[in-house]
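Under my numbering, the first residue of the sequence shown carries the number 5, and numbering increases by one thereafter.
Where hints are given, some of them may not hold.
[Stated by the list, open to error] Quick list of in silico lysine-lysine cross-link-like pairs, DSS-like style, CA-CA up to 25 Å:
1) K54 - K23
2) K37 - K150
3) K54 - K154
4) K159 - K54
5) K135 - K70
6) K91 - K159
7) K135 - K37
8) K91 - K70
9) K23 - K70
10) K159 - K135
11) K54 - K135
12) K91 - K150
13) K154 - K37
14) K23 - K159
15) K91 - K154
16) K135 - K30
17) K70 - K54
[To be verified] So the derived label-pair ranges between C-beta atoms look like this:
18) D55 - K159: 21 to 29 Å
19) R137 - I73: 25 to 33 Å
20) G85 - K159: 17 to 25 Å
21) P161 - G115: 34 to 42 Å
22) V128 - E148: 17 to 25 Å
23) S19 - E148: 18 to 26 Å
24) A21 - V58: 28 to 36 Å
25) K159 - A72: 19 to 27 Å
Read the hints as simulated data drawn from the structure, not as lab findings. Since this is a predicted model, take the numbers as computed values, not measurements. All C-beta atoms in this analysis are idealised placements derived from N, C-alpha and C, irrespective of residue type, glycine included.
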Amino acid sequence: MHPPTTPFEPTPPVSIALKSDIENLKHAIEQAKLGASEGGVSIGGAVVDKDGNVLGVGRNKRVQEKSAILHGETDCLNNIGRLHASKYVGATMYTTLSPCTMCSGAVVLFGISRVVMGENSTFVGGEDFLKSRGVEVVNLDLDECKQLKKNFIDKYPEIWNEDIGEE
Numbered sequence: 005m006h007p008p009t010t011p012f013e014p015t016p017p018v019s020i021a022l023k024s025d026i027e028n029l030k031h032a033i034e035q036a037k038l039g040a041s042e043g044g045v046s047i048g049g050a051v052v053d054k055d056g057n058v059l060g061v062g063r064n065k066r067v068q069e070k071s072a073i074l075h076g077e078t079d080c081l082n083n084i085g086r087l088h089a090s091k092y093v094g095a096t097m098y099t100t101l102s103p104c105t106m107c108s109g110a111v112v113l114f115g116i117s118r119v120v121m122g123e124n125s126t127f128v129g130g131e132d133f134l135k136s137r138g139v140e141v142v143n144l145d146l147d148e149c150k151q152l153k154k155n156f157i158d159k160y161p162e163i164w165n166e167d168i169g170e171e
């Protein structure tokens with residue numbers, strides 16, 4: 005038997021927004037607004053399980069906590085605390101912005117099945133990575149999320165560039 009000549013590449017799932025996605029994204033938007041009111045980067049996250057229960061919420065706290073890794077998504081996972089891996093099966097990560105590579109890696113590590121983002125016009129993070137790992141990625145392309153990010157970038161361009169790893 006011969007090994008395959010090309011590596012296995014999972015087929016990305018079809019991306020379809022559900023009626024509940026906008027309602028669930030509101031948890032992340034509230035967190036982003038709270039973070040902005042604290043002087044932090046306006047990105048929020050929420051994880052909702054397959055039954056529609058909110059497991060946790062979080063916001064980017066890099067400024068507030070002087071943290072290198074507390075993005076909206078990782079803060080959310082941190083706030084959830086220890087859960088059995090089965091709790092993440094079929095779960096959705098809601099985020100106001102396309103998740104970066106670090107946060108995309110956390111989504112894959114925890115086995116979260118879907119990522120729904122508010123927008124990706126200001127930053128396209130690890131979407132290709134997520135799709136290559138079989139995670140469904142949905143972009144709602146909401147003006148409210150775009151405006152949140154624009155307001156922050158206009159006010160704090162140096163912090164935004166630091167947050168996304170640019171000079």
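Consistency of the hints with the structure:
With a C-alpha separation of about 14 Å, the suggested pair K54 and K23 falls inside the 25 Å cut-off, and the hint holds. Between the alpha carbons of K37 and K150 the distance comes to roughly 13 Å, so the proposed pair stays at or under 25 Å and holds. Straight-line distance between C-alpha atoms of K54 and K154 comes to about 32 Å, which puts the hinted pair past the 25 Å bound. Only pairs whose Cα atoms come within 25 Å are accepted, and K159 paired with K54 is rejected, the gap being roughly 37 Å.
Between the alpha carbons of K135 and K70 the distance comes to roughly 31 Å, so the proposed pair goes past 25 Å and is violated. Proximity of K91 to K159 is assessed by CA-CA distance (about 39 Å); at most 25 Å being required, the pair is judged violated. With a CA separation close to 28 Å, the supplied pair K135 and K37 exceeds the 25 Å bound. The straight-line distance between the Cα atoms of K91 and K70 is roughly 30 Å, outside the 25 Å bound, and the hint therefore fails.
Taking the CA atoms of K23 and K70, the gap is about 37 Å. The hint is violated against a cut of 25 Å. Under the criterion of a C-alpha separation no larger than 25 Å, the hint pairing K159 with K135 is inconsistent with the structure, at around 33 Å. Distance hint between K54 and K135 is fulfilled; the C-alpha atoms sit about 19 Å from each other, no more than 25 Å. With a C-alpha separation of about 31 Å, the suggested pair K91 and K150 falls outside the 25 Å cut-off, and the hint is violated.
Between K154 and K37 the alpha-carbon distance is near 13 Å, which keeps this suggested pair within the 25 Å criterion. For the hint pairing K23 with K159, the CA-to-CA distance comes to about 33 Å; that exceeds 25 Å, so the pair is violated. Annotation: proposed proximity of K91 to K154 is violated, straight-line Cα distance about 34 Å (limit 25 Å). Between the alpha carbons of K135 and K30 the distance comes to roughly 24 Å, so the proposed pair stays at or under 25 Å and holds.
Of the supplied pair hints, the one linking K70 and K54 is violated, its CA atoms being roughly 33 Å apart against a limit of 25 Å. A hinted range of 21 to 29 Å is violated for the C-beta pair D55 and K159, which are about 39 Å apart. Separation of R137 from I73 is about 20 Å and departs from the stated range, judged on CB atoms against 25 to 33 Å. Range check, G85 to K159: Cβ separation about 33 Å, and the 17 to 25 Å hint is violated.
For P161 paired with G115, a C-beta distance near 36 Å keeps the hint of 34 to 42 Å intact. Look at V128 against E148: about 19 Å separates their beta carbons, and that is inside 17 to 25 Å. Between S19 and E148 the beta carbons are some 20 Å apart, a value that agrees with the proposed interval 18 to 26 Å. A21 and V58 have their C-beta atoms about 18 Å apart, which leaves the hinted 28 to 36 Å range violated.
Against the hinted window of 19 to 27 Å, the Cβ-Cβ separation of K159 and A72 comes to about 22 Å, which satisfies the hint.
Going down the numbered hints, you'll see the structure goes against 3, 4, 5, 6, 7, 8, 9, 10, 12, 14, 15, 17, 18, 19, 20 and 24, while the others check out.
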